[in-house]
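Q: Read off the chains here:
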Amino acid sequence: DVKVTQSSRYLVKRTGEKVFLECVQDMDHENMFWYRQDPGLGLRLIYFSYDVKMKEKGDIPEGYSVSREKKERFSLILESASTNQTSMYLCASSLPWANVLTFGAGSRLTVL
Amino acid sequence: EDKVVQSPLSLVVHEGDTVTLNCSYEVTNFRSLLWYKQEKKAPTFLFMLTSSGIEKKSGRLSSILDKKELFSILNITATQTGDSAVYLCAVEPAGGTSYGKLTFGQGTILTVHP
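Chains as they are written, first to last, in my numbering: chain W, 2 to 113; chain F, 23 to 136.
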């Protein structure tokens, strides 16, 4: 069964901390995405990547960065967490030229 | 800026009822519209629609797209408690490196009571 795995389901961090959210897929997908999901706002795209070491900004990249050193792994980094980054973070992947995304189960981040 | 609006935002029904979920959109250079179901975990893919008037069907769920009026509906007949979930609508623009770069609506929370 194809899988997108987000290593941390629940995290609690303090304001100013550096936060890493890890995502690994086992489907050999080229495309990977990070979304955040907030009540009333739906899913919003933070960053995406179409290849190793490649990244593009989504709709809300401010306060975030990403890393893709290996094809299967896409990391989201919060350099200095803030309370307004409390959210559910969803990672997804897809084949090239494909729009059907396979999502991970999500990482719920609380910043105090 | 691409935009997707879903209605209603929440819906409570009883088992056996039929529900219709709505999705309207604005997108530059439309490529596709997708529906996902999200329970307390990863969203799972339901349908992808690219052409107007062609119904996609899977069991009790069906969906159709109207590209002239810029909306889609998701129908669920004979609802069951297992249909309780958040239903997400998303659009994908055409052109460039936009594959998979979806714009989502707010979601519709469906609750089905026994």
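One or more of the hints may lead you astray.
[As the list claims (entries may be wrong)] 25 angstroms max Cα-Cα, derived SDA-like pairs, lysine to any residue: (1) W:K4 x W:E63; (2) W:K54 x W:Y65; (3) W:K19 x W:K54; (4) F:K63 x W:E23; (5) F:K78 x W:L96; (6) F:K59 x W:K54; (7) F:K89 x F:M70; (8) W:K4 x F:S54; (9) W:K72 x W:T111; (10) W:K71 x W:T16; (11) F:K89 x F:R53; (12) F:K89 x W:K58; (13) W:K56 x F:K62; (14) F:K78 x W:Y65; (15) F:K79 x F:F52; (16) F:K79 x W:A99; (17) F:K79 x F:E23; (18) F:K63 x F:G81; (19) F:K63 x W:K54; (20) F:K63 x W:G17; (21) W:K56 x F:V49; (22) F:K62 x W:E80; (23) F:K62 x W:K54; (24) W:K56 x W:L113.
I should point out that these hints are in silico values taken from the structure, not numbers from a laboratory.
Q: If a hint holds in the structure, say so; if it doesn't, say that too.
A: These are the hints, each one checked on the structure:
no.: 1; hint: W:K4 x W:E63; in the structure: 28 angstroms, violated
no.: 2; hint: W:K54 x W:Y65; in the structure: 16 angstroms, holds
no.: 3; hint: W:K19 x W:K54; in the structure: 21 angstroms, holds
no.: 4; hint: F:K63 x W:E23; in the structure: 17 angstroms, holds
no.: 5; hint: F:K78 x W:L96; in the structure: 22 angstroms, holds
no.: 6; hint: F:K59 x W:K54; in the structure: 31 angstroms, violated
no.: 7; hint: F:K89 x F:M70; in the structure: 13 angstroms, holds
no.: 8; hint: W:K4 x F:S54; in the structure: 24 angstroms, holds
no.: 9; hint: W:K72 x W:T111; in the structure: 28 angstroms, violated
no.: 10; hint: W:K71 x W:T16; in the structure: 29 angstroms, violated
no.: 11; hint: F:K89 x F:R53; in the structure: 11 angstroms, holds
no.: 12; hint: F:K89 x W:K58; in the structure: 28 angstroms, violated
no.: 13; hint: W:K56 x F:K62; in the structure: 29 angstroms, violated
no.: 14; hint: F:K78 x W:Y65; in the structure: 38 angstroms, violated
no.: 15; hint: F:K79 x F:F52; in the structure: 22 angstroms, holds
no.: 16; hint: F:K79 x W:A99; in the structure: 21 angstroms, holds
no.: 17; hint: F:K79 x F:E23; in the structure: 30 angstroms, violated
no.: 18; hint: F:K63 x F:G81; in the structure: 22 angstroms, holds
no.: 19; hint: F:K63 x W:K54; in the structure: 28 angstroms, violated
no.: 20; hint: F:K63 x W:G17; in the structure: 28 angstroms, violated
no.: 21; hint: W:K56 x F:V49; in the structure: 23 angstroms, holds
no.: 22; hint: F:K62 x W:E80; in the structure: 28 angstroms, violated
no.: 23; hint: F:K62 x W:K54; in the structure: 32 angstroms, violated
no.: 24; hint: W:K56 x W:L113; in the structure: 29 angstroms, violated
In summary, the structure is inconsistent with hints 1, 6, 9, 10, 12, 13, 14, 17, 19, 20, 22, 23, 24 from the numbered list given earlier, while agreeing with the others.
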